[in-house]
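Q: Single-letter residue listing:
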Amino acid sequence: MRTLLSFLAGALLLCEAAQAANLPAPSGDVILVVTGNIENTNKGDSAEFDMEMLESLDGLSKTLETPWTDGTTAFSGPKLRAVLEKVGARGSKLIVKALNDYSAEVPMEDAETYDTMLATKMNGEHMSVRNKGPVFLIYPFDTNPELFNEKYFSRSVWQIREVEVVE
Amino acid sequence: MKNQLEIGGKAVEQAARATKFVLAVQIFLVCTVLAIFSMLVKREGELHDAIREDAIWAVYQLDRETRAVFEMVQRVSHRIADAGVEAAEEAVAPRDLVTRYDILYSRLTVLANSKYNIFFEQSPNFRTRLASIEDKILAIEPVFNGIAANKNYTGVEFAPVAATLEEIRFATNEFLVRTNATISEARADARNDVFQGQMLAFLFMFAIVVAALFLAFHMLVQVRIVKQTREGMNKAAAEFERAYEAAEAGNKAKSAFLATIGHEIRTPLNGILGMAELLAQKPLPAEESGYVRTITRSGRALLEMINEILDYAKIEYGSQQSEEIIFRLDDLVRDTAAVVEGQVLEQNNELKLHIDPALDGAFIKSDPTRLKRVLLNLLSNAVKFTENGSVWLEVTASNVTDETLELNVSVRDSGIGIASEAQKQLFTAFHQVDSSISRRFGGTGLGLAICKQIVEAMQGTIGVSSTPGEGATFSFTIPVQRAKAPACIPGAPEEDAALSGPIPRLRVLLVEDNAINQRVAAKLLEKLGQDVTIACDGRQAIKQVRNAAFDLVLMDVQMPDLDGIAATRLIRKLGAPFDRLAIVAMTANASDQDRQDCLDAGMNGFESKPVTFQRFAAILRAHGPSHLSAIDVTGPAITASGVSAACEPETSAEPDAFLPRANVVHLAGDETGDARRAELLEELGEDVFQSLLNEFFEHADKLVPQITKAAAEGDAETYDRLLHALKGASDNLGFTALTRTAEALRTSIDTPNQETRLTVELEKAKNRYRKIAI
Chain A
1 MRTLLSFLAG ALLLCEAAQA ANLPAPSGDV ILVVTGNIEN TNKGDSAEFD
51 MEMLESLDGL SKTLETPWTD GTTAFSGPKL RAVLEKVGAR GSKLIVKALN
101 DYSAEVPMED AETYDTMLAT KMNGEHMSVR NKGPVFLIYP FDTNPELFNE
151 KYFSRSVWQI REVEVVE
Chain B
1 MKNQLEIGGK AVEQAARATK FVLAVQIFLV CTVLAIFSML VKREGELHDA
51 IREDAIWAVY QLDRETRAVF EMVQRVSHRI ADAGVEAAEE AVAPRDLVTR
101 YDILYSRLTV LANSKYNIFF EQSPNFRTRL ASIEDKILAI EPVFNGIAAN
151 KNYTGVEFAP VAATLEEIRF ATNEFLVRTN ATISEARADA RNDVFQGQML
201 AFLFMFAIVV AALFLAFHML VQVRIVKQTR EGMNKAAAEF ERAYEAAEAG
251 NKAKSAFLAT IGHEIRTPLN GILGMAELLA QKPLPAEESG YVRTITRSGR
301 ALLEMINEIL DYAKIEYGSQ QSEEIIFRLD DLVRDTAAVV EGQVLEQNNE
351 LKLHIDPALD GAFIKSDPTR LKRVLLNLLS NAVKFTENGS VWLEVTASNV
401 TDETLELNVS VRDSGIGIAS EAQKQLFTAF HQVDSSISRR FGGTGLGLAI
451 CKQIVEAMQG TIGVSSTPGE GATFSFTIPV QRAKAPACIP GAPEEDAALS
501 GPIPRLRVLL VEDNAINQRV AAKLLEKLGQ DVTIACDGRQ AIKQVRNAAF
551 DLVLMDVQMP DLDGIAATRL IRKLGAPFDR LAIVAMTANA SDQDRQDCLD
601 AGMNGFESKP VTFQRFAAIL RAHGPSHLSA IDVTGPAITA SGVSAACEPE
651 TSAEPDAFLP RANVVHLAGD ETGDARRAEL LEELGEDVFQ SLLNEFFEHA
701 DKLVPQITKA AAEGDAETYD RLLHALKGAS DNLGFTALTR TAEALRTSID
751 TPNQETRLTV ELEKAKNRYR KIAI
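So the protein sequences, as listed, match chains A and B. The first sequence begins at 1 in the numbering used here and counts up by one. The second sequence begins at 1 in the numbering used here and counts up by one.
Take these hints with a grain of salt, some might be off.
[Stated by the list, open to error] Examples of chain A residues toward chain B, derived with CB under 8 Å:
1. 68
2. 97
3. 99
4. 126
5. 129
6. 155
7. 156
8. 159
[Said to hold, decoys possible] Think about it this way: if two alpha-carbon atoms lie no more than 30 Å apart in a straight line, the pair counts; the simulated BS3-like pairs of lysine-lysine are:
9. 97/A x 764/B
10. 97/A x 62/A
11. 121/A x 151/B
No lab work stands behind these hints: they were computed from the structure. Even glycine gets a Cβ: it sits at the ideal position worked out from N, Cα and C.
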């Protein structure tokens, strides 16, 4: 609870700061768009990210097993939380949409409680669309084995195109 | 009864076996069910269903993405055909088209995931289908790679791509339909499996329930059986109890019968013996003398037998209480040996006595009466069955500690011996080695049974070893307590003086409330040359003691108002020199407790009533200061051998043991009384004796109606006092039956026929006296 509060306080402070200097526009190819109830934008009501912007955020690396990969696989990328902070997201859930129009609802707590990652690299390589790229939502199955079930498998969206923050 | 127990026992056994079996079945069933459930859970755990669902989802996505790419390609190719490449590029960005293809491509990698192998390998078709789809998707890859590189549609041939995609679309559609069918089948199978498993589990559950029900039923049956068994057992126990009670009642009746018969026989027998003795004192011709001796001997044998039977009956019912008295062991042994001396001489035997030096002069605490009884029995048996031979009496101690020791007594003879098969039955009641023995040697066969009972009651053991023709050894061992010499018993040298030394002349205060007893005691003491002063009760005694100097106080214990014990305490309280005044108790009650009470009160000695002439002499010797002038008293009794130590408890409890004739036979009942009267007659002279008797009868004649009156008025105190007086006096004059009757009447004021009973006994006593007086 305390972490949640401090996080919210931090988020508010960030929002204040972001109001003044809004998000910079991406210089490379846009690979992720955050829409919905967000404070910071760089294109209309949405915030666009290129690879460079994503990788500049607070990130982490994990080596773990997933149902979709053979053996252990290394993933790295920004924390979902960091991306949401960056855009000043305020809402109860996220709708994570894939390139193929697949989508999943992800409660905000999943970003707050767990070290969920918007992976941009698999085994040290950027992921192509052909290989579940460019962004893959990875839950910490290694540190939180209780997440290893269908409920979280369905939230683990790959080929992510957009994250919509819903009230 | 036994049957009930057996049936109960069998039922319980059967029930226990059945329960074990049912329990085993239960355990087996539970294990099986557990196994089935774990199997089901494991199958669930394998996520087969989930994988199947994933697989079909993946195949569906493949089909969907194929369609999406196909539609997009068609749109582009139509647009190109309709409006040219640029319009097409505007309608569908080349990048989007490439992405669409990339997504389709990515589906291949998803399907290639190894976890689907379990599923796809179920049918070889799947792999081939997938492989051909993959081939076709990869076949059009260069086209999309080109678009991605050029970022436009210039020069791209979409027709073959569309055709290929259409083929892929058919293939994926087919694949999806097949997969779905397969999965449906698999799902149905799985469901069936689960159902079967569940059915199996259910069956086992049912079996368990049935077994549990059976167990419950079984337990109900068992409870009923146990209940029945318990009832049976209770019934059996009640029957046992009834049988036991009946047996006991029978035994009690038997012993009551024995006691009555014995008593009834004893009374006339005593008459016969008494007459025979009187007759023996007359000058008779030799032949008649022989007859009289035979009568006497036969009578005594009969009396002995009856006494034994009565004793056995008494011991068997525990009515004979044991005592714990301190006494000198070697004296007891010697006295007992002395008793059979006459018999020994008659049979021309030799009696050899060996007492462990450690026991010489030692005092022990035990029951001397019983010990003597056993010893006497073994000795007289040994003497009886030995002729012209030897009898050895050996007394040793073992396991000696500071407080206890084990007394081992063995009596060996060189007599006829006992056959080994007969030895076992020797200690059984009413058993003799063979019936000819009783004809030849007499006896009831009870002696050894009594010995065994006595020894066992004293926590000891008794046994026999014998070789026929060479003699027998009877031995017993009893644990006894070691004790110090009691204060009132003088040491050995004094003892000798007490036995045979001169009698000192003392100033004696006789405290006695009963007039007859006063006279008897006073006469005996005067005969012994004493200065006698009489006090009638405790208060007078104290007054007298303070007013005049006495050397010895003979104190009756039971007196009205202030009894002997209280009076002694008060005298002791007076202080010097009264604290050293010799006070000896005289009482008809001779129990341990009475002795202790007397000693506790500060008395120096204890005498059982009636006190004999010899006992008076012994008391005087024991308590007389040696410096006092002694008078010479001579008499046959005083110098008689076999007289025991002064105030030795065990002997004082048995006054008849001092009588000259008592050495041979245990005298009982009126015979003791006759002896008492004979003694009084001897010591006091006929005139005094007669006047005493007359006085007693006169007194008694008055007492009887007074007693009857007190009883009628319900005056318990007077009733008891009068009976006590009558009893004391008649005891002193040796009217044993009258004494007993008076004592018996004291127990209850409501005893029927008091007057008749007393009168009858009184008249008997008068007759007896007259007979003796003839």
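Q: If you check each hint against the structure, which ones fail?
A: Of the numbered hints, 2, 4, 6, 7, 9 do not hold.
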